[in-house]
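Taking the hints as your guide, dock the two standalone chains into a single complex.
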Amino acid sequence: MDSEKQKNKRGFLKENKWLIMRRLSQVLILLLFLIGPWFGVWIVKGSLASSLTLDFLPLTDPFILLQSVFAGFITDGKAVMGAGIVLVFYAIVGGRVYCSWVCPVNIVTDAAHWLRHKLNITGSVPLDKNIRFWVVVLSLMLAPITGMIVWELVNPVTMLFRGLVFGLGFAWVFVVAVFLLDFAISQRAWCGKLCPVGAFYNLVGKVSLIKVNAFNRDDCDDCMDCYQVCPEPQILKPVLKGESKSTLINDSACTNCGRCIDVCEPKVFKIGWRF
Amino acid sequence: MTKEEKARRKFISDTIKTVCGVSLLGMGAGLYSNSASSLPADILRPPGALKENDFLSACIRCGLCVRDCPYNMLFLGKPEQKVATGTPYFIARTKPCEMCDDIPCVKACPTGALDHSLTNIDDSRMGLAVLVDQETCLAFLGLRCEVCYQVCPIADKAITLEKQHNIRSGRHSLFLPRVHSDYCTGCGKCEQACVMAEPAIKILPHRLAKGHIGDHYRLGWQEKEKAGGSLVSPDAKREYNLPEGVVYDYETGGVTEKDSPFSKNPMDTLNK
Numbered sequence: 001m002d003s004e005k006q007k008n009k010r011g012f013l014k015e016n017k018w019l020i021m022r023r024l025s026q027v028l029i030l031l032l033f034l035i036g037p038w039f040g041v042w043i044v045k046g047s048l049a050s051s052l053t054l055d056f057l058p059l060t061d062p063f064i065l066l067q068s069v070f071a072g073f074i075t076d077g078k079a080v081m082g083a084g085i086v087l088v089f090y091a092i093v094g095g096r097v098y099c100s101w102v103c104p105v106n107i108v109t110d111a112a113h114w115l116r117h118k119l120n121i122t123g124s125v126p127l128d129k130n131i132r133f134w135v136v137v138l139s140l141m142l143a144p145i146t147g148m149i150v151w152e153l154v155n156p157v158t159m160l161f162r163g164l165v166f167g168l169g170f171a172w173v174f175v176v177a178v179f180l181l182d183f184a185i186s187q188r189a190w191c192g193k194l195c196p197v198g199a200f201y202n203l204v205g206k207v208s209l210i211k212v213n214a215f216n217r218d219d220c221d222d223c224m225d226c227y228q229v230c231p232e233p234q235i236l237k238p239v240l241k242g243e244s245k246s247t248l249i250n251d252s253a254c255t256n257c258g259r260c261i262d263v264c265e266p267k268v269f270k271i272g273w274r275f
Numbered sequence: 001m002t003k004e005e006k007a008r009r010k011f012i013s014d015t016i017k018t019v020c021g022v023s024l025l026g027m028g029a030g031l032y033s034n035s036a037s038s039l040p041a042d043i044l045r046p047p048g049a050l051k052e053n054d055f056l057s058a059c060i061r062c063g064l065c066v067r068d069c070p071y072n073m074l075f076l077g078k079p080e081q082k083v084a085t086g087t088p089y090f091i092a093r094t095k096p097c098e099m100c101d102d103i104p105c106v107k108a109c110p111t112g113a114l115d116h117s118l119t120n121i122d123d124s125r126m127g128l129a130v131l132v133d134q135e136t137c138l139a140f141l142g143l144r145c146e147v148c149y150q151v152c153p154i155a156d157k158a159i160t161l162e163k164q165h166n167i168r169s170g171r172h173s174l175f176l177p178r179v180h181s182d183y184c185t186g187c188g189k190c191e192q193a194c195v196m197a198e199p200a201i202k203i204l205p206h207r208l209a210k211g212h213i214g215d216h217y218r219l220g221w222q223e224k225e226k227a228g229g230s231l232v233s234p235d236a237k238r239e240y241n242l243p244e245g246v247v248y249d250y251e252t253g254g255v256t257e258k259d260s261p262f263s264k265n266p267m268d269t270l271n272k
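Going line by line, the protein sequences match chains A and B. Position 240, counted from 1, in the first sequence is what this note's numbering calls 240; the numbers after and before it change by one each time, with no gaps. Position 137, counted from 1, in the second sequence is what this note's numbering calls 137; the numbers after and before it change by one each time, with no gaps.
Next up, chain B with everything else stripped away, as it sits in the complex (with noise of 0.2 Å):
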């Protein structure tokens, strides 16, 4: 072997062995990524920020937003946590969101983690409430607690109160609270005053606290009022097998009964 062919050969088996072995180094990585993308259910993001997916690309782990929350209920993920090291979540049991004006962690975002073209701040979705357990919730054993509903922010929309008969005890009313995801921010308020051990009101992501419809189904009262009118013309015939003297009015009646042979009272017929 010459020298040259020596050299050659000491590259190519020392570049084979840097690349497999920055490899195994990148498998061992990609599979640590993705056990570490998988947010738990009780960490939230900071309002405005991006869909899960989007926001692991964006989001440079500075902890600007962390630094220009003015009530400090932000932290950054540490590396025995089960959130992406180094980003930016809060947990609403212990500190929420405090909902600024101003938004001041989504200005501080450099790079747009945190949506920028959120300006108000009642748009926001860092989750949503979800009464997670009518068995334990006082609410629901018959007590006026309401504590849930008091301290919620987007007042009377995200929470209201419903009125249940008591039907246990016979004579008093249940003051139900009921969450409507139009309004609710997910701000975590709400997980944080409720007064029990543990919390029977909880922020999750949407992704577990929403259903979903299908796409195949349509709801025939938005429907119609969509399109000004009933969708099935109120006009159109329709031969129905019905009993002779029976007719179907489209309008109001249903099925009635047109110069029945018969009379409305039994007797009669029994009678004649």
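Isolated chain A (complex conformation) (with noise of 0.2 Å):
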């Protein structure tokens, strides 16, 4: 309760500034692609599968390019290049930066995280981290052999986007089903465990050149907050207690979300460069 007080006296935008502009972010491109259908504003036109902005420029995400890929289709369209131009993005800015600043599923397990803190919920059926990413072989494998991109029938993901932009039908389903399994099953296993768009980022965020850094962490009083809000604790250990020589957090695991440095009391983290 403590420490509780003394955030309250760093001011509620200093704590909270870099969710809200996170927030912002996520809403603010889920608005890009609803003004064209609401008001006639045709700026981006798609959906974060692909999409078209100013009729010029091309954004696709590679996972799905690489399914089909993987399903027997090979393309010379504009995904190609859309496709590029995203890797290239995410692997500068950090690959998980999809998660915690695009992907609106992350609205939803936020908030079921915070549900569960709220409501004291410490039960909950532990889950490799590693699953993820036995996902993505998945669903990369059952392409080839359905010849068909497999994952995108149950991708929440591009589910809840596509519902929110083209019309929801019954994918709210797969959004209450993630909720309820981040809430009342297990802590923080959609985005941190299974889901398989996040581990491809995380694989594309190996070679990220923005990084948070823990440059201050001799001053870290073990309070824990970061942890608390961490989408993906583990990484945090062996940077805050001098395990690693590195004061970065180079697990591309890392959402890039900013959560910590919003929390920490002494100001142990901020946001850089790698180098």
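Heads up, a few of these hints could be off.
Here are the computed lysine-lysine pairs in the PhoX-like style, where the Cα-Cα straight-line distance is at most 20 Å [as the list claims (entries may be wrong)]: (1) B:Lys107 / A:Lys78; (2) A:Lys270 / A:Lys241; (3) B:Lys82 / B:Lys51; (4) B:Lys78 / B:Lys95; (5) A:Lys129 / B:Lys10; (6) B:Lys95 / B:Lys82; (7) B:Lys51 / B:Lys107; (8) A:Lys129 / B:Lys82.
Derived contacts from chain A toward chain B, CB cut-off under 7 Å, selection only [stated by the list, open to error]: (9) Lys45; (10) Ser47; (11) Gly72; (12) Leu142.
If you are wondering where the hints come from, they were derived from the structure by calculation, not from laboratory data. Don't be surprised by glycine CBs; every beta carbon is placed ideally from N, CA and C.
Below, the structure is given as structure tokens:
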């Protein structure tokens, strides 16, 4: 409770700067897709799977395109350039920036985690954080076996976004399922352990240039606030406890959400370049 | 057991658990994909769509074709529908394809799931109109309906009217619509326009609409045309076991009598 009072002194904005920016980013991206159908102002067309901005810039989800290739279809269309641009972008800013700054499911799972914390639910089915990489392998393997992009039939990420832009239908069932999974069954299960889209971007982010830096780790007072808010808390310990030489959070599971920067009273973290 | 051994055992058991769990998920998704990929007959794909199997590997479910359709007649499949989630479709009876000359939906497709080599909309084959019910079609009942014929964008080619005597009334004609698969694009205008409560003409996927004669069949008249003449030599003399005085004329007459001992008039023979 003491730390909470201190935080309040810092002020709401300072305490939630990165979270607010992140929510703004998520909502703005969604709005860009929606002002077309709502008001007839066409800045962005399509969905996160593939879009065209200002009739000029193609952006394509490289993971879906890769599944399409595995299913036996090689395209020479705009999607190739679109996927290339997206790959380069996330390779620079951090692969899982997609998860925390773009993906609409992040809002759902963050809400589940928030409610779980509020209601003080502690029981959680343990799931291995590497399952998601197996699901990547699975989605890529199912493509040639069935000859189609199977994961897109069940992918809650694209289903929610497409639903919000083109009409939801019963896609909400998948979203509620993800919420219930994270809320009641296993904490941070979807984004942190199962979702192959995040796992794919995790792999893209191996080379990323922008990282969270615990440059001030000597000031850490072990309050555990960052562990509480971090969607991938296992990546903090090696850096904070000095197990790694570098103060950079180098694990590509980091979503660069910046929530640790928000909550840290002694200002241990900052965001910066890898080098 | 040493610490290393324990760690190894844990690693192996964890890996097995994960692989089994993910495989279960995979089997479920694989089976679901099987049912999700069977396209219902009343669901039509946009112009230029690849064959359904190829389409499901090529379409990345982005919705750009839907956005660029100026008539808003394309929709994306929702999870509760029987069409693969996120893939574009239209329903002829409610909103048919307007067959734009510049085919914006095909141009919008970023992968080529809608084939970019389709440049003339008249070449598209979204399905095939079939007059599924001759018992209720107003034209077959003797009315001059002809609505499907009138709305067809490939005027007088994809649907023609065949004139036939109305034997029921004995003094009228029937004007029967007939679809020609060489021209029909499957746009669905006829199905939408059919005035009946349930249309007598419907767009069906080609797999349901078309018969197939079998590859071993040859149509004699086509082969003759291809060869530039009859493949059976007209000069070939064949030995037929014909009655005396009867000959076979290869060119025209078929079986004819030659120098018959009998007159054409049977009375002559009787009077002989």
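Here is how each hint holds up against the structure:
Distance check on the hinted pair: B:Lys107 and A:Lys78 sit about 10 Å apart at the alpha-carbon level, within 20 Å; holds. Among the hinted pairs, A:Lys270 with A:Lys241 is consistent with the structure: their alpha-carbon atoms are about 17 Å apart, no more than 20 Å. The suggested pairing of B:Lys82 with B:Lys51 holds, with an alpha-carbon distance near 17 Å, which does not exceed 20 Å. A threshold of 20 Å between alpha carbons decides the hint, and for B:Lys78 with B:Lys95 the separation of about 18 Å falls inside it, so the pair holds.
This hinted pair checks out: A:Lys129 and B:Lys10 have alpha carbons roughly 15 Å apart, not beyond 20 Å. Taking the CA atoms of B:Lys95 and B:Lys82, the gap is about 18 Å. The hint holds against a cut of 20 Å. As the CA atoms of B:Lys51 and B:Lys107 are separated by approximately 18 Å, the hinted pair is consistent with the 20 Å bound. Between A:Lys129 and B:Lys82, the direct Cα distance comes to roughly 34 Å. Violation of the 20 Å bound is thereby established for this hinted pair.
The beta carbon of A:Lys45 comes within 4 Å of a beta carbon in chain B, closer than 7 Å, and the hint placing it at the interface holds. With 7 Å as the threshold, the beta carbon of A:Ser47 comes within range of chain B, its nearest partner Cβ sitting at about 5 Å, so the hint holds. Interface hint status for A:Gly72: upheld, as the beta-carbon distance to the closest one in chain B is roughly 5 Å, under 7 Å. Given hint, A:Leu142 at the interface with chain B, holds; its Cβ is 6 Å from that chain's nearest Cβ, closer than 7 Å.
Consistency with the previously given hints fails for number 8 only.
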